[in-house]
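Asks: So the sequence shown is numbered by our numbering: it starts at 95 and just counts up by one.
Keep in mind that the hints were calculated from the coordinates and are not lab data. No false leads were slipped in.
Simulated restraints, written as ranges between beta carbons of each label pair:
1) W246 with I98: 18 to 26 Å
2) L154 with H102: 14 to 22 Å
3) P386 with P218: 46 to 54 Å
4) D195 with L356: 36 to 44 Å
5) R162 with A385: 23 to 31 Å
All residues carry an ideal CB built from backbone N, CA and C; glycine is no exception.
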Amino acid sequence: MSEIDERHPVITPRRVKFDWADTPLHWIPGEPVATHFINVLHLLLPAGERWFVHVYKQALPLVEDDERLYREVKGFMGQEAVHAYSHQGVLDRQMLAQGLDPRPLTRRIEWMFKRILGDRPPVPGMSRRRWLKLRIGIIAGIEHYTAVLGQWILDARALDDAGADPTMLDLLRWHGAEEVEHRSVAFDVYEHVSGAYAQRVRSFFIGLIAMPLAVYAGAAYLCHADPTLHGVRPRVRDYLRAVRRGLFPGNRFMIAAARTYLRRDYHPSAECSTRRAVEYLSTSPAALAAAPGRPGS
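Taking the hints into account, I'd like the entire structure generated from these sequences.
Replies: Here's what the structure looks like:
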């Protein structure tokens, strides 16, 4: 494999497609609760990544003076738009088709991104420009986690050993690989438009506080709405069991990732591996099918 630029790889959207006809509702066999902990991603990502694109459309004029960064932001936006569409397909064509209706919760999530994190500043007297920079900082912090989680899913052999559905694994690993691939963009945008360390920390903790609450609330909703579980709620021991089996990242992993991001000398290019991401993308069934020149791509 030729030399790879860890900080500035070429970022190109891959127009992938997934067929959910043969994917069971509990796509990790015998692990419905662990399945739903991971399924929270499908609840959050369509609205969240559409929000990323919306915010970055406003950020584009702020990076026009850096041609390479501007080009990378456009590639980032293209990849995130495909991610949103692909995870929406799980909600529409995998969950709904098997009797699990995620829409009551996804409507609340859409409301949160449009209203609480929308264009109107939440605090009287805060300028729209300052609010935009704060949201850019929030995205940079979230993208740190999506990158390290992307690296985690690429290396999570325990999911293969557990017999996880190959189509769902390909979705998660294709997405994770692209998160690793474009991991520097959001941080570079933040550094370009602000760069203030104190604001980076404040923005990061907004996302850090919301993340575990969203994961538990989402998993609880999915378990309750799952017609086969009869109102079962996820318990702490279910989460710990999934972590011990290697089916879900644990608290130590998440805390270590937070400490890394909070270093003053942090840069995403020093974390994760673009080479590993590209290696997976060269074998991913969905990415190969979407490659230029392939039938239907």
